[in-house]
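Produce the complete structure using the sequences and hints provided.
Each residue of the sequence shown is one higher than the one before, counting from 1 in this note's numbering.
It is possible that some hints are incorrect.
[To be verified] Pairwise CB distance ranges (calculated):
hint	residue 1	residue 2	range
1	THR16	VAL163	31 to 39 Å
2	PRO192	SER51	40 to 48 Å
3	PRO135	GLY104	17 to 25 Å
4	THR16	SER168	36 to 44 Å
5	LEU102	ILE127	44 to 52 Å
6	THR152	THR16	18 to 26 Å
7	ALA64	PRO192	27 to 35 Å
If you are wondering where the hints come from, they were derived from the structure by calculation, not from laboratory data.
Beta carbons are placed, not taken as given, at the ideal position from N, Cα and C, and that holds for glycine.
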Amino acid sequence: MRLRTALAEGLSTIVTTRALLRATVVSMVSFAGVGMFVVACPLLGAAWLGSEGRGALLLAAVAASGLGANAVLARRPDAIGADTLLGATTVALAVATALAALPGAGWVVAAALLSGLGQGPQLTALIRIRHRDSPAAVRGRVFTLGASLKITAMAGGTALAGVLATQSVLTCLLVSAGFQLVATALFLLLRPGNANTATPDANTATRNADTATSGADTAG
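Here it is, written out as structure tokens:
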């Protein structure tokens, strides 16, 4: 019962807080596409780098690129807003997947590097948004549920890629890029309005300020 209640509270917070909802939905759709790209890497290695085993080098390039990008962001954490970073990295992932569909080893390596530049900072943006917009009391539940949803989406993407890649790697990559484009569209469609931008903690502070003002007016 406690687990069910905790999950319900986390889900309610995500659904009712527009910025959290957008970040969660966008990351889920985007990560489904990432899962498809990961499945395609061994086949891209076989096609352009000489063997399927060299597809692991592409994944290493993704990891190294993402680590480097996050290291740069860590030095200037306020250089780019979390929401802007989420949108920009999703676009980068769409471009990276499209590049991987082009013929040639150079395009494939460039795609892996760009994918890392998207994946690493996208995760950073997601963590920043969850921390910023989640009330402290349910923040852990929001993080746990959000991560579970994202991993589930990736599992779905890899399953779909397993079916498509056996028929055509190109089709697999194009569908993966399509997921990133859908994620980008959702990022734009789910833009928080003025009424939804404030966090619950900010709303509480506002109510307290209003109460204090009313008390001062009454006393006056």
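Structure-based check of each hint:
For THR16 paired with VAL163, a C-beta distance near 36 Å keeps the hint of 31 to 39 Å intact. Taken as a hint, the range 40 to 48 Å holds for the pair PRO192 and SER51, whose Cβ atoms sit roughly 47 Å apart. A beta carbon spacing of about 50 Å between PRO135 and GLY104 contradicts the range 17 to 25 Å that was offered as a hint. Separated by about 42 Å at the C-beta atoms, THR16 and SER168 satisfy the suggested range of 36 to 44 Å.
At roughly 32 Å, the beta carbons of LEU102 and ILE127 sit outside the given window of 44 to 52 Å. Distance hint check for THR152 and THR16: the Cβ-Cβ separation is about 21 Å, which falls inside the suggested range of 18 to 26 Å. A C-beta distance of roughly 34 Å is found between ALA64 and PRO192, which places it inside the suggested range of 27 to 35 Å.
The structure is inconsistent with the numbered hints 3 and 5, although it conforms to all the rest.
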